[in-house]
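Sequence order for the protein chains is R and V. Just so you know, we're using the numbering used here here: the first sequence kicks off at 311 and counts up by one. Just so you know, we're using the numbering used here here: the second sequence kicks off at 264 and counts up by one.
Simulated from the structure, these hints should not be mistaken for laboratory data. Honestly, I wouldn't trust all of these hints.
[Stated by the list, open to error] EDC-like, lysine to aspartate or glutamate: derived pairs with alpha carbons at most 20 Å apart:
| id | chain 1 | residue 1 | chain 2 | residue 2 |
| --- | --- | --- | --- | --- |
| 1 | V | 481 | V | 498 |
| 2 | R | 361 | R | 371 |
| 3 | V | 446 | R | 324 |
| 4 | R | 579 | V | 356 |
| 5 | V | 394 | V | 484 |
| 6 | V | 481 | V | 497 |
If you're wondering where the values come from, they're calculated on a predicted model, not measured in any experiment.
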Amino acid sequence: MQQAKSKKPPRVGDSPAVRRTLITVVLLFGALLVLAPLIVIGAQAFSEGVKVFAAAIAHPDTLHAILLTVVTALIAVPLNTAFGVAAAWSITKFDFPGRRFLLVVIEIPFSISPIVAGVAYLFVYGLQGLFGPLLGAYDIKILFALPGIILASMFVTAPFVARELIPLMQAQGRDLEEAATSLGASGWRTFFSVTLPNIRWAMLYGIILCNARVMGEFGAVSVVSGNIRGQTNTLPLHIELLYHDYQTTGAFAAASILTLIALVTIVAKVALERRGAGRRSRRPALVAPVSKIAEKTS
Amino acid sequence: MKRNVLPGLPLSLGVTLFYVGLIVVLPLAALVFKAASLGPQDYWAIISSPRAVASYRVTALSALAATVFNLFFGLALAWVLTRYRFPGWRFVDALVDLPFALPTAVAGIALTALFANNGWFGSLLAPLGIKVAYTPIGIMIAMCFTSLPFIVRTVQPVLEDLDPALEEAAQSLGGSDWAIFRKVILPLLTPALLAGLSLSFARSLGEFGAIIFIAGNKPMETEITALLVFIRLEEYDYQAAAAIASVLLITAFAMLALTNLLQARALRYTIRN
Chain R
311 MQQAKSKKPP RVGDSPAVRR TLITVVLLFG ALLVLAPLIV IGAQAFSEGV
361 KVFAAAIAHP DTLHAILLTV VTALIAVPLN TAFGVAAAWS ITKFDFPGRR
411 FLLVVIEIPF SISPIVAGVA YLFVYGLQGL FGPLLGAYDI KILFALPGII
461 LASMFVTAPF VARELIPLMQ AQGRDLEEAA TSLGASGWRT FFSVTLPNIR
511 WAMLYGIILC NARVMGEFGA VSVVSGNIRG QTNTLPLHIE LLYHDYQTTG
561 AFAAASILTL IALVTIVAKV ALERRGAGRR SRRPALVAPV SKIAEKTS
Chain V
264 MKRNVLPGLP LSLGVTLFYV GLIVVLPLAA LVFKAASLGP QDYWAIISSP
314 RAVASYRVTA LSALAATVFN LFFGLALAWV LTRYRFPGWR FVDALVDLPF
364 ALPTAVAGIA LTALFANNGW FGSLLAPLGI KVAYTPIGIM IAMCFTSLPF
414 IVRTVQPVLE DLDPALEEAA QSLGGSDWAI FRKVILPLLT PALLAGLSLS
464 FARSLGEFGA IIFIAGNKPM ETEITALLVF IRLEEYDYQA AAAIASVLLI
514 TAFAMLALTN LLQARALRYT IRN
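Assemble the whole structure, with the sequences as input and the hints as a guide.
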């Protein structure tokens, strides 16, 4: 390492003093702002010992919150993935007017406060909303029930899979698929044997990020769920409830589960990045594909 | 024009439009419709009420402070992660994404536990007379946490792709490190920095979960706009909730347009170079 380094000419900021200062400052602030919260969650969760921690996790309300969170993810994430694939296929494999606009609309949920998303759903399915009277007449419950939680989660995560796939499939072009179909493969066969193998890591990358967000979503879900303990409380909402009940250990025990999921997500993300998914050079992908497509079409 | 031989346009586009329409466009349209049904006078009275204006002020100022902090810290972090190799850099690089992966409610209670008067940091700061939890500083720290990755992750790829020849040329002309950074490197980073700044600011304006635990939520002082919307809902004042939410929505669209512009420019800039 030392030798390899000494062969290269020193670059800007390579002097030992600058290097040491910058690394120290960055690590110090990083430890205070990012690492400390992570440690405090563990410390608080186990502050009264393993037994209290285990009892807090095993509490029926907590177990129910875990179950509800998992069920929400099991429904919202696959639907979202199907949407992401469909959106990427239509936008990258065909030219139709309004593609740019469609891309911008898909990205909208990223810019919107989760509270605004929740309120917006209230005005569609709530009693005061567009479909409220109709749903009431047929006694269909969407708000303050599982469907509302799923819909709100689908809103906040709508762009996750699509935005990983679109830049990738844009870069891969259409040649392989066109070759496959001209050789007589059906559309589905082309997708499963030609397209899918090329996009699977990027797709998984999007799915993992989407899942983490669905399981952790707080603002939008807190508006539409009604926070009914043991019924419509997802894990993040349950944390809030316990915290405001001064059951700090219970709140942090529940939080430690979500923290574990976040850490697993990060590890999976790093592993997938080694396989080329979510490459950093595509990182400003929030909007970059729009302008790329604009250049290609103009 | 070449005839497109690929199948699946009606199905994929149909699914896409149905999903986007049902999940994204319909709710937002319903919100706008609800806010618009108020009439200009009532609408203005709600969104310009002293409590609403106070919430805009505390939200915008905290978001601004958090974004400025992240400008320096994020830039330094991106620089250290691309330029230097030290034991554990991979760990630090992965940890940058924690604020994105960690649910906001979890971040909120963790930061509150740290900065409350009896917390690890709060107990150190209290004798100095600095109160963080339940003050606007707490709001700012929560925003710093949740928006940290934006600037790092927009600047990092540009820094990685920077041509060393540019620096070498400047060095051979006798420029000091600081002069080269300021006059050669910083201008190249500016488009990405601006895009990161606007993403970070927009995220801070809309943040809810991480803030409400640490903010104290006192009306006129530490009440953010997103929380005011929530409170109006709990009071069954749906019209006020719709009106104030529409202010957040309009701001979000303005920030989205700005980010679009900045990123398009950043991309053109990098392609040209």
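Query raised in the report: Which numbered hints are broken by the structure, listed smallest first?
Result: none
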